[in-house]
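We have chain A already, so just place chain B on it with the hints.
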Amino acid sequence: QQQVKQSPQSLIVQKGGISIINCAYENTAFDYFPWYQQFPGKGPALLIAIRPDVSEKKEGRFTISFNKSAKQFSLHIMDSQPGDSATYFCAARRGSTLGRLYFGRGTQLTVWP
Amino acid sequence: ETGVTQTPRHLVMGMTNKKSLKCEQHLGHNAMYWYKQSAKKPLELMFVYNFKEQTENNSVPSRFSPECPNSSHLFLHLHTLQPEDSALYLCASSPAGRVIDTGELFFGEGSRLTVL
Chain A
1 QQQVKQSPQS LIVQKGGISI INCAYENTAF DYFPWYQQFP GKGPALLIAI
51 RPDVSEKKEG RFTISFNKSA KQFSLHIMDS QPGDSATYFC AARRGSTLGR
101 LYFGRGTQLT VWP
Chain B
114 ETGVTQTPRH LVMGMTNKKS LKCEQHLGHN AMYWYKQSAK KPLELMFVYN
164 FKEQTENNSV PSRFSPECPN SSHLFLHLHT LQPEDSALYL CASSPAGRVI
214 DTGELFFGEG SRLTVL
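Protein sequence lines correspond, in order, to chains A and B.
Numbering follows my numbering, with no gaps: position 33 of the first sequence is 33.
Numbering follows my numbering, with no gaps: position 76 of the second sequence is 189.
Simulated from the structure, these hints should not be mistaken for lab results.
Certain hints may be false.
[To be verified] Straight-line distance between alpha carbons at most 25 Å, and here's what the computed PhoX-like set of lysine-lysine pairs gives:
{"no.": "1", "chain 1": "B", "residue 1": "Lys-154", "chain 2": "A", "residue 2": "Lys-42"}
{"no.": "2", "chain 1": "B", "residue 1": "Lys-135", "chain 2": "A", "residue 2": "Lys-42"}
{"no.": "3", "chain 1": "B", "residue 1": "Lys-131", "chain 2": "B", "residue 2": "Lys-165"}
{"no.": "4", "chain 1": "A", "residue 1": "Lys-15", "chain 2": "A", "residue 2": "Lys-57"}
{"no.": "5", "chain 1": "A", "residue 1": "Lys-5", "chain 2": "B", "residue 2": "Lys-154"}
{"no.": "6", "chain 1": "A", "residue 1": "Lys-15", "chain 2": "A", "residue 2": "Lys-42"}
{"no.": "7", "chain 1": "A", "residue 1": "Lys-71", "chain 2": "B", "residue 2": "Lys-153"}
{"no.": "8", "chain 1": "A", "residue 1": "Lys-57", "chain 2": "A", "residue 2": "Lys-71"}
{"no.": "9", "chain 1": "B", "residue 1": "Lys-153", "chain 2": "B", "residue 2": "Lys-165"}
{"no.": "10", "chain 1": "B", "residue 1": "Lys-165", "chain 2": "B", "residue 2": "Lys-135"}
{"no.": "11", "chain 1": "B", "residue 1": "Lys-154", "chain 2": "A", "residue 2": "Lys-71"}
{"no.": "12", "chain 1": "A", "residue 1": "Lys-58", "chain 2": "A", "residue 2": "Lys-71"}
{"no.": "13", "chain 1": "A", "residue 1": "Lys-58", "chain 2": "A", "residue 2": "Lys-5"}
{"no.": "14", "chain 1": "A", "residue 1": "Lys-42", "chain 2": "B", "residue 2": "Lys-153"}
{"no.": "15", "chain 1": "A", "residue 1": "Lys-42", "chain 2": "B", "residue 2": "Lys-132"}
{"no.": "16", "chain 1": "A", "residue 1": "Lys-5", "chain 2": "B", "residue 2": "Lys-165"}
[Claimed, not checked] Each pair of labels, with its calculated beta carbon distance range:
{"no.": "17", "chain 1": "A", "residue 1": "Thr-110", "chain 2": "B", "residue 2": "Glu-197", "range": "24 to 34 Å"}
{"no.": "18", "chain 1": "B", "residue 1": "Glu-197", "chain 2": "A", "residue 2": "Gly-41", "range": "19 to 29 Å"}
{"no.": "19", "chain 1": "A", "residue 1": "Trp-112", "chain 2": "B", "residue 2": "Asn-130", "range": "24 to 34 Å"}
{"no.": "20", "chain 1": "A", "residue 1": "Pro-52", "chain 2": "B", "residue 2": "Lys-131", "range": "11 to 21 Å"}
{"no.": "21", "chain 1": "A", "residue 1": "Ser-69", "chain 2": "B", "residue 2": "Lys-154", "range": "27 to 37 Å"}
{"no.": "22", "chain 1": "A", "residue 1": "Lys-15", "chain 2": "B", "residue 2": "Pro-182", "range": "45 to 55 Å"}
{"no.": "23", "chain 1": "B", "residue 1": "Pro-121", "chain 2": "A", "residue 2": "Lys-5", "range": "41 to 51 Å"}
{"no.": "24", "chain 1": "A", "residue 1": "Ser-65", "chain 2": "B", "residue 2": "Thr-193", "range": "39 to 49 Å"}
{"no.": "25", "chain 1": "B", "residue 1": "Lys-131", "chain 2": "A", "residue 2": "Ser-69", "range": "44 to 54 Å"}
{"no.": "26", "chain 1": "A", "residue 1": "Gln-14", "chain 2": "B", "residue 2": "Lys-165", "range": "41 to 51 Å"}
{"no.": "27", "chain 1": "B", "residue 1": "Pro-182", "chain 2": "A", "residue 2": "Ser-65", "range": "37 to 47 Å"}
On a predicted model such as this, the values are computed, not experimentally measured, just so you know.
Don't be surprised by glycine CBs; every beta carbon is placed ideally from N, CA and C.
Just chain A, same shape as in the assembly (with noise of 0.2 Å):
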């Protein structure tokens, strides 16, 4: 069973447009939703996270908007740009558990020029 579903499984954008990503939950028990950015031949980072007792995180053009009663969060890239083309991963983790992070399967974002 798949803890954390991911759509959609890739995503082309013209340069400056807004690229969206989503994610959905079943555990209510998750507390942590981070996103990561991976680029080709590289590890996935850390892009930005969130925990549930906010609804939105803005970090520069990167904003994650959790909806807790809908346990959806998302992934909002304003003014998308070439150099943001990668593969982006949500994930969610339970409590205290060490590292016990659930990925989704990915979106791989392809910004033209």
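Chain B in isolation, oriented as in the chain A frame:
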């Protein structure tokens, strides 16, 4: 050197070979992890070590054998693998358990394994 370093970056092995993957972290973290990344699948947690002690084995076949001699080094010993074990194996570390634990995992660049 900084961050999490994995060697080798690429490995090709036959099903009867024995090889090892190495991971070293220079971040002063106390927890280390092995993840498996296959195409079109979520990252799969394999093993977790905290202060050199294994705290999680996610039902990984015995042909994968981890070793953690200290908090900075982690190995994954491979023997009699199957072609379906071909994947990118990622090592990660975190300060888990400390006051400064932000929940962030720091990944290495991975070891791309191909089993023939």
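Of all the hints given earlier, name the ones this structure violates by number, lowest first.
9, 16, 19, 20 and 23
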